[in-house]
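Chemist: Next come the chains, spelled out residue by residue.
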Amino acid sequence: MKVLLMGNPNVGKSAVFNRLTGASVITANYPGTTVEFTKGRVKIAKEDAEIIDVPGTYTLEPTCRAEEIAVKMIDEGDIVVNIVDATNLERSLNLTLQLVKRGKPMLVALNFWDETKHTGVQIDVQKLEEILGVPCLPTVAVTGVGIKALIEKIPGAKVSSYDFEDAERWHEIGKIVESVQRVSHRHHTFLERLGDASIKPFPGILITLGVVVGAFEVVRQIGEALIGYVFEPLFENVWAPIMLKLSAALGGEGFIHDILIGRLIGGNIDFRESFGLLTTGLYVEFAAVLPYVIAFYLVLSILEDCGYLPRLAVLADTLMHRLGLHGMAIVPMILGLGCNVPGSFAIRIMESRKGKFIAATLMAICVPCMALIAMIFGLAGEYGAAALVPIFAALFVTWIVLGMIMNRFVKGEIPEILLDVPPYRIPYLKGLLKKVWMRIFWFLKEAMPWVLFGVFLANIFYSLGVISFIGRIVSPVIAGLFGLPPEAAGGLMVGFLRKDVAVGMLAPLHLTMRQIIVACVVLAMYFPCVATFAVLLKELGFVDLLKATAIMIISALVVGGLLNLILSLF
Amino acid sequence: MPERITLTVLVSGRRATVVEIQAGQGLIRRLGSLGIRVGQRIKMVSRSFMRGPVTVKVGNSRVAVGFGAASRVIVEPEGEGK
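Respectively, the protein sequence lines represent chains G and L.
Take -15 as the starting number for the first sequence in this note's numbering and just add one per residue.
Take 230 as the starting number for the second sequence in this note's numbering and just add one per residue.
Treat the hints with caution; some may be incorrect.
Said to hold, decoys possible - DSSO-like, lysine-lysine: derived pairs with alpha carbons at most 30 angstroms apart:
hint : chain 1 : residue 1 : chain 2 : residue 2
1    : L       : Lys272    : G       : Lys132
2    : L       : Lys286    : G       : Lys111
3    : G       : Lys429    : L       : Lys286
4    : L       : Lys272    : G       : Lys159
5    : L       : Lys286    : G       : Lys101
6    : G       : Lys418    : L       : Lys272
7    : G       : Lys27     : G       : Lys414
8    : G       : Lys429    : G       : Lys418
9    : G       : Lys338    : L       : Lys272
Unchecked claim - Between beta-carbon pairs, the in silico distance windows are:
hint : chain 1 : residue 1 : chain 2 : residue 2 : range
10   : L       : Arg244    : G       : Val514    : 24 to 30 angstroms
11   : G       : Glu52     : L       : Gly268    : 45 to 51 angstroms
12   : L       : Glu232    : G       : Glu20     : 43 to 49 angstroms
Just so you know, the hints here were simulated from the structure itself, not pulled from any lab data.
Cβ atoms here follow ideal geometry from the backbone N, Cα and C, with glycine treated the same way.
All chains, full assembly: derive it from the sequences and hints.
Modeler: Spelled out as structure tokens, the structure:
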């Protein structure tokens, strides 16, 4: 038995899916979180059933790719669970009536039932059930209310007996809404007023500035606290003695020793410079990067679940049009700040080829991932704002300028934004924490092998003398253009694999502030990590990715060279 | 004859009724599925700024519409003070 979960975007299909199957699909309070369908299994009436989370669609007359996928899925399903937004019954019923015409057994879940109270909406579920002739029930998916009843009712799904002329659909909807729904007048809630205020240019832009500064500060504070009070002491006090014992057991030198432990510095392990798999490899991932990743995903998930991102999309729309994108393109950019891999998946939110290409290229070049940002904080932090501001300003300015250039030269239309802006919602804590945990776990699983492989490769390169060899070959660029020592070539080589390890390789070189700035910017720009590259290959195709790569390399050369030149004037 | 204006110039906080959408079937359908259809009452939440999108309240939801699409939506504002 195949059960399809269908409904408008942002009605909580993925939340219902997670509840039904116990699975963990990322949910968020903005339309378009799910761009591909997801499958899961659950026992319904002792029978094994497949549940399919279909991307949201407003109509079965598809207007975009996600909707096309949704429409194609219908024929495969045995039962349709139509999830509707109880606070937006009229709009939701448009899809419901189109589903009715398909003649599949279905039932209707009225989600966000808890919100009907404060929006002043009263729905007579019994009456709706009688009119449509299919089971209807109220649910609150994020907290799990009504999910058990839903599972029990799925076998009772019926083909709707409701008959109407399709041309008169909106008229029919009007009649249904009139007979089942009472709307009582009520005053705007504080959240509603805040919601509307944050979408207006004024005070919306001020609120945005507050959110950005606040988010940055919170991420920094949590990240630093986790490093200072948890991870750093753990490594120094617990892990270092174990590693020293292991080092002694391995005889203090030799190939295996150098791969696992690295070089002892003054007879001791220096987690930043020893560069063994078990020392620097683990340290980079857990003590330098992970704390910021945890902090970032916590803040991101709160912003997502409360519904801030679509408002930011609306505010940013005018600017994004200049870059050949539209407002929703901020979603992949913000996800990219966490890790460029999920950011690359999210470029599907862009409807046109032009939008996808520009969004992907801009993200790959100018949006540093949290792993890279964390390492930049570590490397450039001692110089404070004097080093950090030029690095991030250079990336931001390039983002704008490159976007404007690509907007001019990449052919194609920029579709306009047409977006349902959901109400602000107070995040459901358990769901929020689960999402943060899922993302952290996913990050470790994705990143860990590459980090260890990167450290391993760095060691091999060093011992074979590859780095000094390559360093000599590319020295006109590295030394001449960027003003970096030839050994920095090692970092740039490993940067293809992982940016965090690459920055880690720069630490023992004791660079000047100018060199640190240039190196960090070039590392961020010249190429995304392999994991991102693989996703982009799938999303853009070979030819477009080749073009994007050329833009990346040129940008890194131009911006890195210019920065070196400008900074040498001071 | 009541005043007819494009959605882009409707003042924030003002209510209006959609009377015409001067666009092809595709856009009419897309706007319609979000509740912006002929005969619907809407309220301006946030007016366009530098040719950016407008945000209107339709029923219980807020919908952001790009400037180009919004300039094809013709509305009849309701009297002041409502």
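Chemist: Are the hints correct? Go through all of them and say.
Modeler: Checked hints:
Taking the CA atoms of Lys272 of chain L and Lys132 of chain G, the gap is about 39 angstroms. The hint is violated against a cut of 30 angstroms. The suggested pairing of Lys286 of chain L with Lys111 of chain G holds, with an alpha-carbon distance near 27 angstroms, which does not exceed 30 angstroms. Pair hint Lys429 of chain G plus Lys286 of chain L does not hold up; C-alpha atoms about 43 angstroms apart against a cutoff of 30 angstroms. Taking the CA atoms of Lys272 of chain L and Lys159 of chain G, the gap is near 23 angstroms; set against the 30 angstroms cutoff, the hint holds.
About 19 angstroms separates the Cα atoms of Lys286 of chain L and Lys101 of chain G, which keeps this hinted pair within 30 angstroms; it holds. Only pairs whose Cα atoms come within 30 angstroms are accepted, and Lys418 of chain G paired with Lys272 of chain L is rejected, the gap being roughly 38 angstroms. For a cut-off of 30 angstroms, the pair hint linking Lys27 of chain G to Lys414 of chain G stands: about 24 angstroms separates their Cα positions. For the hint pairing Lys429 of chain G with Lys418 of chain G, the CA-to-CA distance comes to about 16 angstroms; that is within 30 angstroms, so the pair holds.
For the hint linking Lys338 of chain G to Lys272 of chain L, the alpha-carbon distance of about 33 angstroms lies beyond 30 angstroms, and the restraint is violated. For Arg244 of chain L and Val514 of chain G, the Cβ-Cβ distance of about 55 angstroms falls outside the hinted range of 24 to 30 angstroms, so the restraint is violated. A C-beta distance of roughly 29 angstroms is found between Glu52 of chain G and Gly268 of chain L, which places it outside the suggested range of 45 to 51 angstroms. Taking the beta carbon of each, Glu232 of chain L and Glu20 of chain G are about 47 angstroms apart, inside 43 to 49 angstroms as hinted.
Checked against the numbered hints above, the structure breaks hints 1, 3, 6, 9, 10, 11 and satisfies the rest.
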